[in-house]
Amino acid sequence: MQTYLVGGAVRDELLGLEVKDRDWVVVGATPKQMLAQGFTQVGSDFPVFLHPKTREEYALARTERKQGHGYHGFSVYSAPDVTLEEDLLRRDLTINAMARSEQGELTDPFRGRADLEARELRHVSEAFKEDPLRIIRTARFAARFQPLGFTVCAETMALMRTMVAAGEVEHLVPERVWQEIQRALHEQSPVTFFQVLRDCGALAVLIPELSSEDNFSAALETLQCVHSAEGSTAERFAALLCALDERDCTSRAKALKAPNDCQQLARLAAAFLPEIGKLDLAQPDAGHLLELLENADLWRRPERFSSLLSVLGCALGAGSQKRLEPLESAADSAQGVDIKTLMEKGFSGKELGEAIRSERLARIAQAVSSPTS
Numbered sequence: 198m199q200t201y202l203v204g205g206a207v208r209d210e211l212l213g214l215e216v217k218d219r220d221w222v223v224v225g226a227t228p229k230q231m232l233a234q235g236f237t238q239v240g241s242d243f244p245v246f247l248h249p250k251t252r253e254e255y256a257l258a259r260t261e262r263k264q265g266h267g268y269h270g271f272s273v274y275s276a277p278d279v280t281l282e283e284d285l286l287r288r289d290l291t292i293n294a295m296a297r298s299e300q301g302e303l304t305d306p307f308r309g310r311a312d313l314e315a316r317e318l319r320h321v322s323e324a325f326k327e328d329p330l331r332i333i334r335t336a337r338f339a340a341r342f343q344p345l346g347f348t349v350c351a352e353t354m355a356l357m358r359t360m361v362a363a364g365e366v367e368h369l370v371p372e373r374v375w376q377e378i379q380r381a382l383h384e385q386s387p388v389t390f391f392q393v394l395r396d397c398g399a400l401a402v403l404i405p406e407l408s409s410e411d412n413f414s415a416a417l418e419t420l421q422c423v424h425s426a427e428g429s430t431a432e433r434f435a436a437l438l439c440a441l442d443e444r445d446c447t448s449r450a451k452a453l454k455a456p457n458d459c460q461q462l463a464r465l466a467a468a469f470l471p472e473i474g475k476l477d478l479a480q481p482d483a484g485h486l487l488e489l490l491e492n493a494d495l496w497r498r499p500e501r502f503s504s505l506l507s508v509l510g511c512a513l514g515a516g517s518q519k520r521l522e523p524l525e526s527a528a529d530s531a532q533g534v535d536i537k538t539l540m541e542k543g544f545s546g547k548e549l550g551e552a553i554r555s556e557r558l559a560r561i562a563q564a565v566s567s568p569t570s
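For the sequence shown, my numbering gives the first residue as 198, with consecutive numbering after it.
Any given hint could be a false lead.
[Unchecked claim] Below, computed lysine to aspartate or glutamate pairings styled on EDC-like, alpha-carbon distance capped at 16 angstroms:
no., residue 1, residue 2
1, Lys475, Glu522
2, Lys454, Glu367
3, Lys454, Glu377
4, Lys217, Glu384
5, Lys519, Asp477
6, Lys326, Glu384
7, Lys451, Glu384
Note that these hints are calculated values from the structure, not bench results.
Could you put together the complete structure from these sequences and hints?
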């Protein structure tokens, strides 16, 4: 029984990066032997175990064979006769297909170290094309390592295009795609992720609404701005889709199975962007501004409204501060209404709601008509 450190830990160590997660492969062992040593089995599809002390994952060496479409269309073989090289062969990229023994010896059968030095993302074997999720993972690694100069090599890009043309991407499960998108939005260069997907044709399948040059350029510019401001996942996702028509934005966010907060912020950003463009900066309409604030549910969701302003600021680009000033001024003034005071004056029920709205409208009208607004 031999144990090897594999995958990202070896890659990041060779790149001089901090190793955050360590995964291990065990060659020559059976599940019974692992359990006897105190490991806890957690894998149902194939034998994966947690170390009794470190809780790190130890997987028995395995091979995989394609049997159907998509991410789950594989049969797995795991037994003591599976070699380390056979286990590494099933992996996606050469930089992820290296192993280090407990004695420190590097096993690199597919020249992963050379590709690290050349700054290239290259598939290990033709088996890459059996799993369409690897297209998205490759794009995500490109986004992570772009600052270090990594690019997808021509051969792998050609293979990815072939996979897209064969319809493999259409079989991906939306929940799994969302997991990769969510992680990609927080990589070092999230715009690179979508550029790679577009170059190989996968973006036209996953988010066809971004196929047009105008939508794609707007999405990447807004996303880069929000990324630079260290925006939340919801803000980054909204940045990606806010240039779309509200209906298209809503349907795509739902199809991607994005969390509710991401879907809601994206919809609001897409709805507000054209409305902000219609505002008369010289004489903003107080009623229209109040409607916008009500649609944003400002009173109950002030934090989301703040996120909305951040996304809109990035989407509007140069001059955004001036264009958003009426909306921000309206929000500040409308939030100053003291509901308790109105109740003390005897307002209640429907009349209270009308009184609150009238007071908000009056405050907004005064704010936007002020020479200092």
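Checked hints:
Our distance criterion of 16 angstroms between C-alpha atoms is met by Lys475 and Glu522, whose separation comes to about 13 angstroms. For the given pair, Lys454 sits about 15 angstroms from Glu367 by alpha-carbon distance, which is consistent with the 16 angstroms threshold. A threshold of 16 angstroms between alpha carbons decides the hint, and for Lys454 with Glu377 the separation of about 12 angstroms falls inside it, so the pair holds. Proposed proximity of Lys217 and Glu384 is supported: the alpha carbons are some 15 angstroms apart, at most 16 angstroms.
Straight-line distance between C-alpha atoms of Lys519 and Asp477 comes to about 11 angstroms, which keeps the hinted pair within the 16 angstroms bound. For the hint pairing Lys326 with Glu384, the CA-to-CA distance comes to about 24 angstroms; that exceeds 16 angstroms, so the pair is violated. As the CA atoms of Lys451 and Glu384 are separated by approximately 23 angstroms, the hinted pair breaks the 16 angstroms bound.
Hint compliance for this structure: hints 6, 7 are broken, all remaining hints hold.
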